[in-house]
Amino acid sequence: MSIFVLDEINNVNGDITFYRLIEDGHCYWNEFCIALENEGTYYEQVFTLTSQMNDKAKLKSLPEKKHKSFATHVKGVSGFEFRTKDLRAYGINAIEGNIIIFAGKKANQPRDEVKFRSIVRRYIDSKNE
Amino acid sequence: MIQKMNREDILKRPAYWFEHEQNELYRQVTEYMERECINRTELSKRLNVSKGYVSQILNGNFNYTLKKLIELCLAIGIVPGEYRKIEDVIRADIEFAKSKKDKVSERKPEIQFQAIEHYKPIDVSAILNKPNIDSTQIKTNTRITFTIDPLKTEAVYG
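Protein sequence lines, in the order shown, are assigned to chains A and B. With positions in the first sequence counted from 1, the corresponding number in my numbering is that position plus 408. With positions in the second sequence counted from 1, the corresponding number in my numbering is that position plus 205.
In short, the hints are calculated from the structure, not lab data. Model, not experiment: these values are computed from the prediction. Glycine included, every Cβ here is placed at the ideal spot set by N, Cα and C. Check before you lean on any hint, since a few could be wrong.
Computed list of chain A residues with no C-beta within reach of chain B, every gap over 12 Å [said to hold, decoys possible]:
| no. | residue |
| --- | --- |
| 1 | K466 |
| 2 | F478 |
| 3 | A479 |
| 4 | G484 |
| 5 | E521 |
| 6 | K523 |
| 7 | S526 |
Simulated DEER-style distance windows between Cβ atoms [said to hold, decoys possible]:
| no. | chain 1 | residue 1 | chain 2 | residue 2 | range |
| --- | --- | --- | --- | --- | --- |
| 8 | B | K308 | A | G433 | 28 to 38 Å |
| 9 | A | N446 | B | L279 | 40 to 50 Å |
| 10 | A | N536 | B | E287 | 38 to 48 Å |
| 11 | A | H434 | B | K308 | 30 to 40 Å |
| 12 | A | A515 | B | I291 | 32 to 42 Å |
| 13 | B | E292 | A | N418 | 12 to 22 Å |
| 14 | B | I243 | A | R519 | 38 to 48 Å |
| 15 | B | D293 | A | M409 | 44 to 54 Å |
| 16 | B | K303 | A | R519 | 34 to 44 Å |
| 17 | A | P518 | B | E239 | 31 to 41 Å |
| 18 | A | S469 | B | L279 | 15 to 25 Å |
| 19 | B | K303 | A | H434 | 23 to 33 Å |
| 20 | B | I275 | A | K473 | 20 to 30 Å |
Residues from chain A that keep clear of chain B, each with C-beta distances beyond 12 Å, as calculated [claimed, not checked]:
| no. | residue |
| --- | --- |
| 21 | S459 |
| 22 | G512 |
| 23 | A515 |
| 24 | P518 |
| 25 | R519 |
| 26 | R529 |
Kindly generate the complete structure, drawing on both the sequences and the hints.
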């Protein structure tokens, strides 16, 4: 069974708190950002995602093309995704706030969606253990 | 890297504000449509623009000229541009974060730490960076509360 930790994303500043999920020491969001920075190609779009998160944290509406609900396939857990031209960030709504679970490139979306749902299932299972 | 960046660095990024402005325009136009009880077709007629142009705005993808932005804003009854000093924006942002933290610390301790409620006991000390907590005495998935005074932190378990 994995060990999960929630770490507050201090760079998102609003009424809703945003967390990043850490599984067994791996923070998927951070790893994604580091990989993008090393590649250089889509790194600027991380700030676009951060801006979207900040708007949501401040309870402001976003266009549906940029932020929409997303099925987690886990009972009682609602998910969402943030979208930029080339990137996706997936998360869930929780009592604590919004939890960013996983992020990936648009090109890998089908594969990433499976990963996202798998992590959510493990996280919820660990909470119910 | 972004996790090493502080909020101030992010607020100085053009991509952050470009996204913010696109979404703010989307919100202003949506509010106008709701207020006037009109749909996209009616809006495009009123603005004398194509439906595609309206769709781009409502998808949060407005990226036309400054002239177009001014025309659009005036057409929906607002004026564009709220120019503030970046230092003022950063200061307000820091104050907002501080007031939020103050509100959290005013709450009961168990609410303050509810996010760590479901961790396994072995992680508790590491998460809180308080090695003096005897984590071996805490059962898995036990609700844990802490006193606010960091010098007298004690785990209440069971």
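Comparing the hints with the structure gives:
1. Against the 12 Å criterion, K466 of chain A falls within the reach of chain B, whose nearest CB is about 9 Å from its own CB.
2. Every CB of chain B is more than 12 Å from the CB of F478 of chain A (nearest about 18 Å), matching its label as outside the interface.
3. Chain B leaves A479 of chain A outside its interface by the beta-carbon criterion, the shortest separation being 22 Å against a cut-off of 12 Å.
4. A cut-off of 12 Å between C-beta atoms confirms that G484 of chain A is not in contact with chain B; the least separation is 15 Å.
5. The claim that E521 of chain A is not at the interface with chain B holds, since no C-beta of that chain comes within 12 Å of its own (minimum 21 Å).
6. No beta-carbon of chain B is positioned within 12 Å of the beta-carbon of K523 of chain A; the least distance is around 20 Å.
7. In this structure S526 of chain A is separated from chain B by more than 12 Å, as the shortest Cβ-Cβ distance comes to about 18 Å.
8. A C-beta distance of roughly 31 Å is found between K308 of chain B and G433 of chain A, which places it inside the suggested range of 28 to 38 Å.
9. At roughly 45 Å, the beta carbons of N446 of chain A and L279 of chain B sit within the given window of 40 to 50 Å.
10. Here the CB-CB span from N536 of chain A to E287 of chain B is close to 47 Å, well matched to the stated 38 to 48 Å.
11. Taken as a hint, the range 30 to 40 Å holds for the pair H434 of chain A and K308 of chain B, whose Cβ atoms sit roughly 31 Å apart.
12. A hinted range of 32 to 42 Å holds for the C-beta pair A515 of chain A and I291 of chain B, which are about 35 Å apart.
13. Distance hint check: the CB atoms of E292 of chain B and N418 of chain A are about 20 Å apart, consistent with the given range 12 to 22 Å.
14. For the hinted restraint 38 to 48 Å between I243 of chain B and R519 of chain A, the CB-CB distance of approximately 41 Å keeps it satisfied.
15. Checking the proposed 44 to 54 Å range against D293 of chain B and M409 of chain A shows it holds: the Cβ atoms sit about 48 Å from each other.
16. For the pair K303 of chain B and R519 of chain A, the beta carbons lie near 41 Å from each other, so the given range of 34 to 44 Å is met.
17. Between P518 of chain A and E239 of chain B the CB atoms are about 35 Å apart, so this pair conforms to the stated range of 31 to 41 Å.
18. Checked against the hint of 15 to 25 Å, the pair S469 of chain A and L279 of chain B passes, with Cβ atoms roughly 23 Å apart.
19. Separation of K303 of chain B from H434 of chain A is about 31 Å and conforms to the stated range, judged on CB atoms against 23 to 33 Å.
20. One distance hint, 20 to 30 Å for the beta-carbon pair I275 of chain B and K473 of chain A, holds here, with the actual separation near 24 Å.
21. Under the 12 Å C-beta cut-off, the non-interface status given to S459 of chain A relative to chain B is violated; the minimum distance is some 4 Å.
22. For G512 of chain A, the shortest C-beta to C-beta distance to chain B comes to about 16 Å, beyond the 12 Å cut-off, and the non-interface label holds.
23. The beta carbon of A515 of chain A is kept farther than 12 Å from every beta carbon of chain B, the shortest such distance being approximately 20 Å.
24. A cut-off of 12 Å between C-beta atoms confirms that P518 of chain A is not in contact with chain B; the least separation is 22 Å.
25. Look at R519 of chain A: its CB is around 23 Å from the nearest CB on chain B, clear of 12 Å, so calling it non-interface holds up.
26. The claim that R529 of chain A lies off the interface holds: its Cβ sits roughly 15 Å from the closest Cβ of chain B, which is beyond the 12 Å cut-off.
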